Amino acid sequence: MTRTKRSTVVWRITDGKKGHEKQTQALVQGLNALPAHTFEEFILPSTSAFSLATTLPLPDLILGAGHSTHIPMLICKLFFGGRTVLLMKPSIPAIFFDLVFVPQHDVCTSLGNVHVTEGVLTPSLENQPDPTCGVILLGGTNRHFEWNTSEMIREVKEIADKDPSKTWTVCDSPRTPVDCLAAIEPTKNIAKKPWKETNETFLTELLAQSSETWVTCDSVTMLYEALATRAQVGVLMLAPNKTHARSNKLLRGIMKLNASQRVHLSTSGYELDQANLLPLADSEVHRCSEIVARQLLSS
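Counted the way my numbering counts, the sequence shown spans residues 127 to 425.
There's no promise every hint is true.
Unchecked claim - Now the in silico label distances, taken between C-beta atoms and shown as ranges:
{"#": "1", "residue 1": "R269", "residue 2": "G395", "range": "24 to 32 Å"}
{"#": "2", "residue 1": "M381", "residue 2": "S409", "range": "19 to 27 Å"}
{"#": "3", "residue 1": "S424", "residue 2": "P219", "range": "19 to 27 Å"}
{"#": "4", "residue 1": "L391", "residue 2": "T369", "range": "17 to 25 Å"}
{"#": "5", "residue 1": "T369", "residue 2": "F328", "range": "33 to 41 Å"}
Hint data in this document are derived by calculation from the structure and do not stem from the laboratory. Given the structure is predicted, the values throughout are model-derived calculations rather than measurements. From the three backbone atoms N, C-alpha and C, an ideal C-beta is built for every residue, glycine too.
Assemble the whole structure, with the sequences as input and the hints as a guide.
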């Protein structure tokens with residue numbers, strides 16, 4: 127006899143940041159792949175979550191990522207019920223949430239409700255890479271690394287010159303200094319794409335085509351998004367910020383990825399040894415989805 131799928135209402139609280147939204151999107155994608163469940167999803171901006179919530183079916187799950195989603199998630203649970211799932215190290219005690227998934231580069235006190243993930247969750251892609259397509263993703267200023275525009279310009283040229291058979295699409299981001307992308311000289315195999323000229327599906331579609339992707343070390347979400355594809359992935363390293371040297375969680379995470387042969391570091395050159403780079407499996411999203419179903423939806 128065919129088992130009837132159970133309908134589950136999911137509220138996804140968002141803060142308007144694409145990286146955070148993709149994390150909760152990835153978890154919903156994983157939940158939808160589980161047997162014996164169907165999911166009805168509603169997206170609520172954190173700034174108006176409570177007023178919108180009054181018009182929606184009561185939630186079984188309330189998902190969020192980003193510091194500004196914490197309080198709206200808890201208020202929604204208080205008034206409308208449901209179980210909360212946070213995808214980040216919380217800025218308030220983790221015990222306030224039913225489940226917390228924390229990337230391994232963060233440290234978080236657990237009372238049994240915290241699970242460590244290998245990086246951030248990203249939507250999976252069933253892509254077939256184009257061997258003539260390469261991507262370079264530029265981050266920018268942050269507290270963990272010292273941004274160096276002239277060095278980035280040099281590295282972009284080195285990568286493009288190393289493999290002229292590829293057309294390299296170079297993308298900046300909201301944190302990239304405004305003079306950086308403009309200073310990169312377009313050539314036969316370098317195309318520039320400012321983030322302001324893209325839509326929300328552009329990066330996902332671009333990464334799906336790429337056979338080789340380079341990401342600056344400050345951009346952890348873009349790095350794990352690249353690792354969710356079948357591309358070979360390199361990391362453009364920057365000098366660590368000495369002020370935050372002991373708490374540089376991004377650097378620790380990147381070094382673990384390198385040690386497990388998931389990424390290649392620019393400090394070792396720009397030739398990626400494809401035989402030694404291992405893809406990051408989609409199993410992490412599946413594992414987290416199963417934890418949610420087992421701990422929060424089994425009753």
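Consistency of the hints with the structure:
1. R269 x G395: 24 to 32 Å: holds (28 Å)
2. M381 x S409: 19 to 27 Å: holds (22 Å)
3. S424 x P219: 19 to 27 Å: Since the Cβ atoms of S424 and P219 sit about 25 Å apart, the hinted range of 19 to 27 Å holds.
4. L391 x T369: 17 to 25 Å: Once the Cβ atoms are compared, 22 Å apart, the range 17 to 25 Å for T369 and L391 holds.
5. T369 x F328: 33 to 41 Å: Between T369 and F328, where Cβ atoms are some 34 Å apart, the hint holds.
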